[in-house]
Structures are given as structure tokens and as C-alpha cells.
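Generate the whole structure from the sequences, applying the supplied hints.
The chain contents come next:
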Amino acid sequence: MKINMPVTDKEVHMKDGTILVTRTNLKGVITYANDAFVEISGFSYSELVGSNHNIVRHPDMPAVAFQDLWESNQRGEPWTAPVKNRTKSGDYYWVEANVTPVYSNGVIVEYLSVRYSPSREQINSASQLYKELNDSKATTIRPVGFSKLVKQIKETSINKKALLTAALFLTPSICLIKQSYETQDMLHLGIIAFISLLAIGLGYSILSSLLNTLSDTQGIFRKLSDESFRNEIELNRNDQIGDFKRDLYSMQVKLNADLAFSNQVASESLRIKQALDNVNSCVMVSNNNLEIIYMNHTVQAMFENAEKDIQTDIPKFNSKKLLGANIDQFHKNPAYQRGLLATLNSAHNAELKLGSRTINFVANPVMNDDGDRIGIVVEWMDRTSEVRIEKEINELVTSINNGDLSNRIELADKEGFFENLSIGINELTDGIDATFSDINHSMQSLANGNLNNKITSEYKGVYNDCKENINATVDKLSEIVGQITESADFINNTSKEIASGNNNLSERVETQASSLEETASSMEELTSTVKNNAENAQQANSVSTKARELAENGGEIVTSAVNAMAEINDSSNKISAIIGVIDEIAFQTNLLALNASVEAARAGEQGRGFSVVATEVRNLAQRSAAAAQESKTLIQTSIQKVRAGTEFVNETGSALNEIVTGVKQVGDIISEIAAASLEQSQGIEQVNQAVAQMDEITQQNAALAEQASAASVSMSDQSQTMIGLLDFFDINASNNITAPVINQQAAPSPSSHSPSKVIRKKETTKPVENNRIVSSSEDDEWGEF
Amino acid sequence: MEQESPIDTEEENLENSIQFLSFTLGSEEYGVAILSVQEIRSWEPVSKIPNVPSYEKGVVNLRGAIVPIIDLRERFNLEHSKYTNLTVVVVLQAELRGKNRTMGVVVDSVSDVMHVDKNNIQSAPDFGTKVSTDFINGLASVNDRMVMLLDVSKLLELEGLNDTDSNDESND
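Here the protein sequences line up with chains A and B, keeping their order.
Numbered according to the numbering used here, the first sequence spans residues 6 to 790.
Numbered according to the numbering used here, the second sequence spans residues 12 to 183.
Among these hints, one or two may not hold up.
[To be verified] Taking lysine-lysine pairs in the DSSO-like style, the calculated list, with each CA pair at most 30 angstroms apart, reads:
hint : chain 1 : residue 1 : chain 2 : residue 2
1    : A       : Lys32     : A       : Lys93
2    : A       : Lys136    : A       : Lys93
3    : A       : Lys637    : B       : Lys93
4    : A       : Lys646    : B       : Lys93
5    : A       : Lys159    : A       : Lys250
6    : A       : Lys579    : B       : Lys93
7    : A       : Lys259    : A       : Lys228
8    : A       : Lys32     : A       : Lys228
9    : A       : Lys358    : A       : Lys325
Source of the hints: derived by calculation from the structure; they are not laboratory data.
This is the structure we're talking about:
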């Protein structure tokens with residue numbers, strides 16, 4: 006027995022309302038399977054057809070079940086039972102299997118299997134049964150033992166049952182007859198015997214007519230199965246059998262009519278098929294399992310034509326064996342395609358690349374009247390040449406998009422619409438090429454700084470706009486470059502001035518810083534000087550105090566000196582008075598001596614001696630008078646001198662007083678000076694702070710000036726670079742520029758100035774470096790400062 | 012030495028010389044004969060006499076005798092000077108017309124008693140002094156100084172004090 010492995014626990018359910026139909030030959034080989042069966046089995050139609058039916062057998066199914074099936078079928082009997090089948094993937098599904106032999110001319114020619122969706126109870130009981138059967142290793146699914154006896158009894162033929170029934174019914178009658186016979190109740194006996202006979206006769210009549218009818222009907226059914234619909238059926242009976250036969254007849258008519266209708270439909274389908282066979286479109290129809298069930302001639306021819314190309318991708322492809330094969334073979338990734346087509350509900354458009362072939366196909370679901378999909382119709386279209394053109398155009402467009410305008414479409418192998426299209430596209434490309442070439446040329450010279458190369462070709466529309474705009478751009482650029490050059494020149498000069506100015510500033514700030522340093526040290530010295538001043542002022546104050554005391558003492562001394570002088574004056578006056586007295590005495594003496602002389606002269610000769618004495622006296626008197634006069638003069642001189650001395654002393658006193666007040670003022674002033682010196686000291690401290698701040702600010706200024714200097718230098722460099730960059734533009738030869746632009750260009754005239762500027766730039770860079778070195782050293786000094 | 016020689020000469024020339032008392036009025040030096048000098052006195056306040064010329068200062072009582080006092084400066088029309096205790100009054104006496112007249116003259120100062128050789132006395136010129144030449148006997152040069160020698164009698168006469176003469180006589 007074949008055991009298909011593996012199996013899974015996953016159950017697949019049949020859709021309600023579907024039936025699974027297969028035909029098998031007498032050896033159990035599948036000759037037909039309907040779509041539903043193919044679908045649920047998981048195998049392809051081609052896999053199923055030609056395979057033994059046990060391909061779907063599930064290992065759980067006991068062998069005896071199939072043995073029973075075969076036995077039944079070989080006896081010419083239909084067989085039914087729940088069956089567990091296995092799908093290709095190992096899943097399982099339950100069906101209610103109905104297998105019947107098919108007769109043709111009274112001979113079994115094949116078996117027809119029809120499967121329905123079973124109920125859950127059926128499944129449960131069947132699975133239970135099969136499990137028991139598997140466990141018990143039973144040899145048959147048929148009832149055995151008592152069950153078999155019951156079954157045999159149940160299945161006893163109707164004749165036997167009728168006889169048995171008659172016997173059973175007759176037994177009481179016979180008993181009654183016997184009883185009546187024993188009791189000699191002949192009436193009863195007669196009645197019972199009559200009724201019994203009547204019943205037997207009646208029963209036989211009923212039974213025989215039923216059996217005849219069954220037999221006739223069986224024959225008719227066999228003929229119907231053999232598609233013979235012209236069977237004679239008695240329709241005139243009035244009993245149930247008549248009804249039965251009439252219904253049978255109705256069914257025959259109906260089946261005949263249906264068959265005729267089916268044939269008509271089939272012939273219509275055939276007509277459509279014939280039509281499809283001969284249409285130019287490539288049409289292919291597959292069932293739900295994507296197995297090709299129809300191909301028209303065109304598609305056949307197409308695939309034969311493309312066979313070799315397809316075989317490069319799909320080596321197994323055989324155009325002769327397409328029919329019945331799965332559509333998957335066209336795909337490198339069948340699973341995806343399968344998933345896509347399995348859920349196909351509307352038109353699906355796709356393109357296949359098979360070798361060098363490009364084949365487009367449109368898949369459409371085919372629905373039955375209930376809206377269920379029963380297949381897929383696929384229209385194929387070999388778009389290879391179309392695709393080639395498309396590809397060429399696409400490549401051209403891509404290359405154009407990528408900026409390669411050198412490519413053209415080959416015209417040699419084109420004709421008709423494609424040729425016209427290609428010529429048109431080539432012309433379009435030529436136009437774009439020429440335009441872009443011009444633009445490119447112009448832009449290239451623009452990029453090289455030549456502003457003289459403008460587009461001169463004639464264009465229309467957008468191209469012309471583009472040309473105009475580019476030319477306008479060039480013009481405008483020329484103008485702007487001219488202006489920029491001028492500005493750059495100006496900026497350059499200005500920045501140089503700024504740089505030199507900043508250098509000056511830097512130096513000045515440096516000088517300022519050193520000045521501030523000196524100022525700071527001066528302030529330092531000033532501070533000490535002011536402190537000394539304050540101390541000196543203090544000392545001077547004490548000294549002045551002493552001086553004042555001394556001056557006051559001097560005043561007292563002067564006062565006493567004045568007093569002494571006054572006393573001297575008094576004494577002198579007294580002396581003067583005394584001398585006056587002496588003088589007067591001398592005068593009087595002189596007078597007396599004169600008188601004596603006079604007397605002596607009178608006395609004559611006698612008076613001569615006296616005269617001598619008088620003369621001597623007079624001389625003495627005159628000498629004393631002269632001495633008195635001298636003394637008086639001396640005393641008066643002394644008095645005058647004393648007076649002058651007194652005045653001097655008085656002046657000295659007043660001078661000393663003035664000195665005292667002066668010294669006092671001096672002291673006050675010195676105190677003020679001391680206070681002022683203190684304030685000065687504080688002020689100087691503030692000045693020191695201010696100087697320190699100024700120093701700090703100056704350092705910041707220096708740093709800023711340095712930065713500004715560096716910035717201006719780099720600005721100068723940048724402007725030089727800018728001028729150098731601007732020299733790149735060649736706008737001199739341009740004649741088409743408007744007049745003001747020319748004027749503006751004439752002033753800077755960058756090209757003529759450029760060499761000198763370059764030289765200047767070289768010259769300027771060195772001092773800048775020197776400045777930088779200097780400034781860095783200055784930075785270091787300021788760091789220490 | 013110098014004094015000895017004049018003494019010698021004085022001794023020799025006593026016979027020919029006249030003694031004069033010299034006095035000064037201002038810068039001028041005058042001399043009067045010593046024998047006409049009665050007395051030399053210092054200035055003393057005088058009793059004023061009314062209605063007399065201004066140079067007549069008044070009178071003094073000189074040991075009982077009334078002596079008129081005149082200011083010789085004013086008399087000689089010289090500038091008046093203040094009287095001090097050094098101002099000297101020379102009392103002169105002369106015999107006029109038989110009468111002995113006494114009068115005090117106020118002078119600036121008394122200089123000396125000098126011996127003048129008569130030969131050295133020169134007659135007074137007719138002009139040149141403020142004093143009327145009537146008063147001047149002559150001019151003498153003593154020690155290179157010019158001394159005007161006054162004639163006391165004329166001086167007293169010129170006084171014009173005749174009344175006083177009579178008074179004097181009456182007093183005598």
C-alpha cells in the first residue's frame with residue numbers, strides 16, 4: 006500500500022456546494038479531475054491525470070476501506086464513505102466519497118467519483134472508526150460478526166423479507182385458524198383463512214408490481230446513464246407506481262432537454278473556440294490551477310516562434326507540450342505568479358521577459374454565473390519589436406536625460422510609423438543638441454572668463470528666450486564684472502589704506518601703552534612724592550609751630566629790647582640835659598673869661614697876667630664847651646641811633662608779629678598742604694586705577710587694532726585675490742556691451758593694471774608679515790606689561 | 012708853636028696893636044674895641060619900652076643901671092634870629108659929648124679877644140656893606156677872616172638915643 010508522506014495536522018475544508026469529481030479507469034488511474042478537485046488536492050491537473058488515485062491517499066485511511074471500495078466497485082456496486090484525503094503539501098481534507106462504476110453498453114468502463122463536503126458528525130464517527138480499524142488491523146470495514154449478521158438480515162432481499170413478513174403475519178392467522186379449528190369455529194376460521202389468503206395474494210401482487218417497477222426502472226436508469234433518453238415508460242397507471250413512472254419520465258425528458266441544451270451550449274462553446282482558434286490575438290485559457298486548458302493557433306504559433314528565445318530563460322520550455330501544462334512555467338518565480346493569479350479578480354496586465362522576447366499578457370478571470378472564478382483567460386502579445394523601438398527611444402531619452410546628445414535612433418531597420426517617429430525624435434535631438442552646443446560653447450567661454458562669446462544662432466520660442474537670456478546674462482555679467490573690478494580696485498586701495506592706518510593705529514596704541522606705562526610709573530613716583538610731601542608738610546608744620554614759638558619769644562625779646570632802648574633814650578636825654586648844663590656853664594665861663602679879658606685889657610699892663618689867665622680860662626671854657634658840644638652831639642647821635650634802634654626793634658617786633666601770624670598761616674597752609682597731599686594721594690590712586698584701566702583698554706585697543714590690522718590686511722589680500730579673480734574675466738574685447746558699461750570698464754581697466762597689482766600684492770605681503778611678527782612680539786611684551 | 016710866635020709878636024707889637032672883641036652877626040664877623048666893652052652878658056629877658064624902634068628891645072637893670080638893649084641884627088637890617096640862652100648881649104660904653112653912654116647890643120655870639128695891628132686896619136670902603144659905613148672904623152683881616160671894626164661911639168650915636176643920654180646923665 007502506498008503511504009504518502011509527510012502529513013500535517015492542518016485541515017483544508019471543502020467549500021460548501023462544490024463537488025469534487027474524478028474519473029478513473031478500471032485500474033484506478035485518474036483520467037479526469039474537475040477544477041475543484043485539482044484545486045483542493047494541491048496537485049496540478051497534469052500531475053493528477055495519469056496518476057493512480059492513491060496519490061491523494063492519506064496514511065490515516067485504513068487499507069481495508071479502499072479494499073472494500075474496490076471490492077464494491079468490482080462487483081459493480083457504488084461505494085460511499087467519509088474519506089480523509091491528503092493534499093500535495095501534506096494537509097488533509099475530509100470528503101464524503103461516492104464512487105460508482107460507469108456502464109457503457111452494460112459493461113463497466115470506468116469509475117466515477119463524486120465527493121461532497123461531509124458533516125462534522127460524519128467526520129468524527131469516521132475518524133473514530135478508522136482509528137479503531139487501524140488499531141485492530143481489521144481486514145474489512147464491513148460489519149463482522151453480529152453486526153454482519155444484522156446487516157445481512159437487513160439486507161436480505163425483498164422477496165425473502167416478504168416471505169418472512171408473510172410468514173410472520175400468517176403465524177397468528179394460522180394460530181387463530183388452528184384455534185378456530187380446534188374450537189370448530191369454522192366461521193372464524195373461514196374468515197381468517199380468507200383474509201390471510203387475500204393478504205398473501207394482495208401482498209404478492211403489490212410486491213411483484215413493485216419489484217417489476219424497480220426492475221424496469223433499473224433498466225431505464227442504466228439506459229439513462231448510457232445517455233439513452235428515449236425509453237418507453239408507462240404513464241397511464243393511476244397508482245403510486247404510475248406517479249413514480251411519470252416522475253421518472255419527466256426526469257428523462259428533463260435530462261434529455263438538459264443534455265440537448267448542454268450540447269447546444271457545447272456547440273456554441275465550440276463555435277467560440279473555433280473562432281478563438283482563428284483570431285489573430287494570442288489567447289490562452291487556464292483553469293483555476295493555472296493549467297493551460299486552451300490555446301488558440303496564434304498563441305501556439307507565437308510560442309513555437311519564440312520557443313528558442315524562451316528556452317534561453319526557461320530551458321524546459323516546450324511549445325509542443327504547453328496544453329495541459331501549468332502556466333507557472335512561464336515564470337521564474339512561479340510562487341509569486343501563482344499567488345497573484347490565485348486571487349485574480351480583475352484584469353491583470355503584466356510583461357514577461359523571456360530571453361530576448363518581451364511578451365505582454367493580460368490575464369482576466371473567467372467567472373461563472375454565480376460569480377465564482379472558473380478559470381483565467383490570458384491574452385498574449387509579443388511586443389518584442391515594439392519593445393525594441395521603445396527601448397531604443399528610451400535609451401535615447403535616457404541618454405538625452407543624462408546629457409548625452411550624440412546618440413540617434415538607427416533608421417535602417419525601421420519602417421512606417423516607427424521610422425517617422427524615429428526621424429522626428431532624431432530631429433528633436435539634433436535641435437536640442439545644436440542649442441545645447443551653442444549654450445555650452447557660450448557657457449564654457451563664460452566659465453573661462455571670456456565674456457565675449459555670445460550665442461549668435463537663430464532660435465525660436467523657448468530656445469530663443471534661452472539664447473536671449475544667456476546673452477543678457479553675459480552682458481549683465483560683463484557689466485557687473487566691470488563694476489566689481491572697479492569696486493575691487495577701490496576696496497583694494499581702501500583696504501591698503503585701512504591696513505596702513507591700522508598699522509599706524511597699532512603703533513600708536515603701542516606708543517600709548519608705553520606712555521601709559523611711563524605714566525603709571527610716574528604716577529607711582531608721584532604717589533611716593535606726594536606721600537613725602539605729606540610727611541614733609543607735617544614736619545614743616547611742626548617746624549613752623551616751633552618757628553612761631555620762637556618768633557613769639559623773639560617778640561617778647563624785642564619788647565624788652567624796646568624798653569631797654571627807651572631807658573637808654575631817657576638816660577641819653579638826661580645826659581644831654583647834663584651836657585646842656587655843662588655847655589651853659591662853659592658858655593657862662595667863656596663869658597666870664599671874656600669879661601675877665603675885658604677887665605684885664607682895662608687894667609692895662611697890670612691886667613696882662615690876668616688877661617693870660619682869662620684867656621686860659623676862656624680856652625678851658627671853650628674846650629669844655631666844645632667837649633660839651635661834642636658830647637651833646639654824640640649823645641644826640643646816640644639818642645638818634647637809639648631812636649632808630651627803637652624803631653628797628655619796633656619794626657622787628659611788628660615783623661616778628663607778622664612772622665608769627667605768617668608762621669601761623671604757614672602752618673595752616675602746611676596743614677592744608679598735608680590734607681591736600683592726602684587727597685592728592687587718593688586722587689593719584691584713582692588716577693592710578695584710571696591709568697590701569699586705560700592701560701587695559703589700551704591693550705584691548707591694541708589687540709583690536711591688531712585684529713583690525715590683520716583683518717584689513719587679509720581684506721587687502723582678499724581684495725587682491727578678488728582682483729586677481731576678476732582678471733580672469735575677459736571683457737575688454739566685447740563690443741556689444743552698452744556704452745555706460747564700457748565707460749565703467751575703462752576706469753578700472755583691470756587687464757592693463759593687473760601686472761602691477763600682482764607686483765604690488767607681492768610687495769605688500771612682506772610688510773604685513775613683518776607687522777605680524779612685530780605685533781606678536783608686542784603681544785608678548787604686553788603680556789608681561 | 013704857632014701860639015708862641017704870635018705871643019712873641021704880640022709882645023713885640025703890643026704897642027702897635029689894639030685889642031678887639033669880635034662877635035658875629037650871621038656870617039659876618041664884627042669887632043669892637045675891647046676898651047669900649049663894659050661887660051658881656053648872656054641874654055636875659057628885657058623890659059620893653061613902648062614906642063621905640065623895633066630894634067630897641069627894651070631895657071635891663073644892670074647892677075642898678077638901666078641899660079637899653081638893641082638888636083644889632085635888626086639895627087643892621089639883618090634877619091632877626093631867635094634869642095637863645097647862647098645869645099649874648101655885649102654891653103658897650105662910650106663917651107659921647109662928654110657923657111658916658113652905656114648900651115647893650117644883642118649879637119649872635121662872641122668870638123674872641125683879638126689883637127689887631129693898627130697897620131692892618133684898612134679904612135672902610137664907601138660901599139659894600141649893609142651897615143652904614145658911618146659905624147665902621149675899618150676892616151681888619153685876622154687869620155684870613157675879614158672883621159669889620161665898628162666905631163662904638165658912632166654906633167652909639169647912630170643909635171639916636173639922645174633922650175636916653177640925658178636919662179643916663181640924670182641917672183648919673
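Structure-based check of all given hints:
1. With a C-alpha separation of about 22 angstroms, the suggested pair lysine 32 (chain A) and lysine 93 (chain A) falls inside the 30 angstroms cut-off, and the hint holds.
2. Restraint check: the Cα-Cα separation between lysine 136 (chain A) and lysine 93 (chain A) comes to about 22 angstroms, which is no more than 30 angstroms; the hinted pair holds.
3. Proposed proximity of lysine 637 (chain A) and lysine 93 (chain B) is supported: the alpha carbons are some 21 angstroms apart, at most 30 angstroms.
4. At most 30 angstroms may separate the alpha-carbon atoms for a hinted pair to count; lysine 646 (chain A) and lysine 93 (chain B) meet this at roughly 28 angstroms.
5. In summary, the hint linking lysine 159 (chain A) to lysine 250 (chain A) is supported, as the alpha carbons are separated by about 27 angstroms, within the 30 angstroms threshold.
6. Under the criterion of a C-alpha separation no larger than 30 angstroms, the hint pairing lysine 579 (chain A) with lysine 93 (chain B) is consistent with the structure, at around 25 angstroms.
7. Only pairs whose Cα atoms come within 30 angstroms are accepted, and lysine 259 (chain A) paired with lysine 228 (chain A) is accepted, the gap being roughly 15 angstroms.
8. Our distance criterion of 30 angstroms between C-alpha atoms is met by lysine 32 (chain A) and lysine 228 (chain A), whose separation comes to about 24 angstroms.
9. Of the pairs offered as hints, the one joining lysine 358 (chain A) and lysine 325 (chain A) holds, with about 20 angstroms between alpha carbons and a cut-off of 30 angstroms not exceeded.
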